[in-house]
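*Asks:* Here is how the chains run, residue by residue.
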Amino acid sequence: MKLSEIFASGKFAVTSEIGPPKGVNIEALLEQAELLRGKVDAINVTDQQSSVMRLGSLAICHLLKERGLEPVFQITCRDRNRIALQSDLLSAYVLGIRNVLCLTGDYVSLGDHPGAKPVFDLDSVSLLHAASELQQGRDLAKQALKGNPDFCLGAVVTPGANPLGPQIMKMEKKVKAGAQFFQTQAVYDPRKFEDFMNQIKHLNVPVMVGIVLLKSAGMARFMNANVAGVHVPEPLIEEMADAPDRVEKSIEIAARLIKEMKDMCQGVHIMAIGWEEKVPAVLEAAGL
Amino acid sequence: MSVDAILERAFQNRIFSQAFFLVERKMKEWLFDCQSCGNCVLSHTGFICPMRCPKSQRNGPCGGAMDGHCEVDISKRCVWDEIWESTNRLHRIDLLTNNYEGPPDWRLYGTSAWENMVAGRLESPSIFETLFRKDEPLLREVPRVVFQILRNCYNLITGPSWRRYEGRPPL
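Just so you know, the sequences run in chain order A and B.
Just so it is clear: in the first sequence, position 58 is 60 by our numbering, and no numbers are missing.
Just so it is clear: in the second sequence, position 80 is 103 by our numbering, and no numbers are missing.
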């Protein structure tokens with residue numbers, strides 16, 4: 003089922019995320035996905051996150067689909083040129099994958115193969131454009147297709163970016179290029195998020211707020227210093243540092259953030275980063 | 024006869040086209056740290072070359088910029104931060120918002136963007152159509168654009184800009 007159908011029905015959409023392993027032992031990954039069955043509308047499968055070579059997103063999306071779970075195929079421009087990207091989109095379609103999240107991708111030198119050739123033949127906007135063209139029955143070279151795919155295309159945005167102007171400009175371009183929904187970078191400040199949502203009202207596109215589970219005060223400080231567009235306010239860090247039970251506190255904070263921002267947007271995307279088994283508890287605490 | 028038509032005729036002369044490209048390349052390397060992609064969009068991006076971005080982003084910043092600095096090398100400024108600033112100074116944000124920049128045609132890599140433009144090999148409109156605002160007198164616009172180009176060049180040479188010819192991403 004496409005995420006766009008969920009947005010159209012007016013339901014608050016919920017997605018989470020799993021990251022394929024480096025290697026071929028996928029039992030643990032599939033167990034994580036099983037825990038999310040019936041709790042989320044779709045599961046993002048990351049495409050070699052942080053530029054670390056791993057098992058591919060397409061294969062895992064297919065396995066999820068086989069098991070009756072709805073995947074969101076994340077596809078980045080880092081490793082493939084326009085021929086491979088378009089081909090993978092077609093492959094995804096014939097494997098039954100309908101939700102695609104188009105991203106630029108982290109830079110190569112940040113991962114475990116820093117000497118690899120960075121591709122970036124397309125960017126996220128031209129990738130969305132390419133996918134839209136495929137849906138219209140032609141590829142980027144304007145050649146006709148035998149049968150068109152039909153996707154629900156997603157993109158990402160960073161509401162906490164500084165400066166925010168260029169982010170919104172690019173978001174507008176993504177909508178024009180065919181993005182039907184957005185998932186955001188982690189948000190910890192509902193007030194800032196509300197500002198952002200007011201600035202993009204004219205785009206009229208569903209936005210799923212990103213929630214990253216805080217694992218510790220140290221993680222929050224690390225993200226503040228090193229992760230672009232993520233700012234954890236000091237009171238939250240202190241709350242985390244003073245908590246006797248970190249896990250309980252983390253779930254409580256995530257649930258509180260979701261409750262506060264639920265009315266501002268059309269869905270939530272929970273990134274657990276290793277704590278996937280905690281996601282159902284977060285959803286329960288948030289009343290979803 | 025339009026400038027485009029005169030140039031198109033002139034580019035048919037091999038000596039002229041070679042000499043023109045030599046001057047174009049050296050000037051653009053010096054002024055913009057041009058990467059000679061042959062698919063020039065400088066007139067849309069506030070005269071800051073987006074191909075200097077490690078990810079060659081032509082339509083806007085990736086999500087990796089930290090307060091205007093590049094995720095690949097935090098000591099360098101995000102190329103799109105520079106583009107945003109320069110375009111703002113020229114009051115031409117509309118050029119960024121309204122133009123979808125298609126992926127470059129790699130067959131044109133290392134060739135003259137001007138020749139490609141007049142020969143109709145580029146999808147983007149002629150540089151003359153986008154360079155200056157229609158509602159402003161040229162006498163005011165030309166100095167403004169020239170001043171901004173020189174200012175960008177000064178930042179490029181002195182500031183923490185990405186200069187692709189100087190340094191590749193760090194190990």
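Be aware that one or more of the hints could be misleading.
Covered by chain B, according to a simulated footprint, are these stretches of chain A (three or more residues, beta-carbon under 8 Å) [claimed, not checked]: (1) 3 to 12; (2) 159 to 166; (3) 172 to 182.
Pairs of lysine-lysine residues, derived as DSBU-like cross-links and limited to a Cα-Cα distance of at most 30 Å, are as follows [claimed, not checked]: (4) B:99 / A:119; (5) A:280 / A:67; (6) A:264 / A:41; (7) A:41 / A:67; (8) A:144 / A:119; (9) A:264 / A:203; (10) A:280 / A:251; (11) A:4 / A:119; (12) A:178 / A:217; (13) B:99 / B:49; (14) A:178 / B:49; (15) B:51 / A:119; (16) A:194 / B:157; (17) A:119 / B:49; (18) A:280 / A:264.
A few chain A residues facing chain B, derived, Cβ under 8 Å [claimed, not checked]: (19) 84; (20) 106; (21) 128; (22) 131; (23) 224; (24) 231.
Honestly, the hints are just simulated from the structure, not real lab data.
As the structure is a computational prediction, the values presented were derived from the model and not from experiment.
C-beta atoms are modelled at their ideal positions from N, C-alpha and C, and glycine is treated no differently.
*Asks:* Going back to the hint list, which numbers does this structure go against?
*Replies:* 1, 11, 12, 14, 16 and 23
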